[in-house]
Amino acid sequence: VEWAKYGIRLNAIAPGPFPTKGAWDRLLPGELKDEFDIKKKVPLKRVGEHQELANLAAYLMSDFSAYINGEVITIDGGEWLQGAGAFNMLEKIPSEMWDMLEMMIRAKKNEK
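Taking our numbering, I'd label the letters of the sequence shown as residues 219 to 330.
Hints listed in this document are in silico derivations from the structure and should not be mistaken for laboratory results.
All C-beta atoms, glycine included, are put in the ideal place defined by N, C-alpha and C.
Any given hint could be a false lead.
[Said to hold, decoys possible] For each label pair, taking beta carbons as the anchor points, the in silico distance ranges come out as:
1. Trp316 / Leu278: 33 to 41 Å
2. Ser280 / Glu220: 21 to 29 Å
3. Ala230 / Arg264: 17 to 25 Å
4. His268 / Glu289: 17 to 25 Å
5. Glu253 / Gly296: 30 to 38 Å
6. Gln300 / Asn273: 21 to 29 Å
7. Leu250 / Gln300: 18 to 26 Å
8. Glu329 / Glu220: 42 to 50 Å
9. Glu220 / Trp242: 32 to 40 Å
Can you build the whole structure from these sequences, using the hints too?
Structural data, given as structure tokens:
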């Protein structure tokens with residue numbers, strides 16, 4: 219906030235689940251995607267759309283938000299308030315399954 223006197227505002231965005239094909243295919247390969255449906259953890263029962271994230275960023279950069287400074291704005295459909303941690307459900311994966319997951323992730327990565 220000390221930069222405000224120079225007209226510089228510093229704000230941050232804390233996004234919830236905004237899936238991209240590359241990230242989701244690596245983090246939740248194969249049948250895990252169905253078993254750990256991220257939408258079930260979000261009160262709005264959906265993931266974010268990239269345009270929604272872009273709209274928030276555009277607003278924070280615009281003069282319409284000129285009085286907002288030093289804030290972290292969460293955009294997650296209410297997930298954080300319900301109990302945060304987009305990938306907390308990975309705790310449910312049995313330890314013997316981690317090697318298989320690693321192989322699946324590496325295989326996905328090598329497809330490119």
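Hints and how they fare:
1. Trp316 / Leu278: 33 to 41 Å: holds, 38 Å
2. Ser280 / Glu220: 21 to 29 Å: holds, 22 Å
3. Ala230 / Arg264: 17 to 25 Å: holds, 23 Å
4. His268 / Glu289: 17 to 25 Å: At 21 Å between Cβs, range holds.
5. Glu253 / Gly296: 30 to 38 Å: Given range 30 to 38 Å: violated, Cβ gap about 22 Å.
6. Gln300 / Asn273: 21 to 29 Å: holds, 23 Å
7. Leu250 / Gln300: 18 to 26 Å: Since the Cβ atoms of leucine 250 and glutamine 300 sit about 21 Å apart, the hinted range of 18 to 26 Å holds.
8. Glu329 / Glu220: 42 to 50 Å: holds, 47 Å
9. Glu220 / Trp242: 32 to 40 Å: holds, 39 Å
Comparing the model with each earlier hint shows a violation of hint 5 alone; every other hint is respected.
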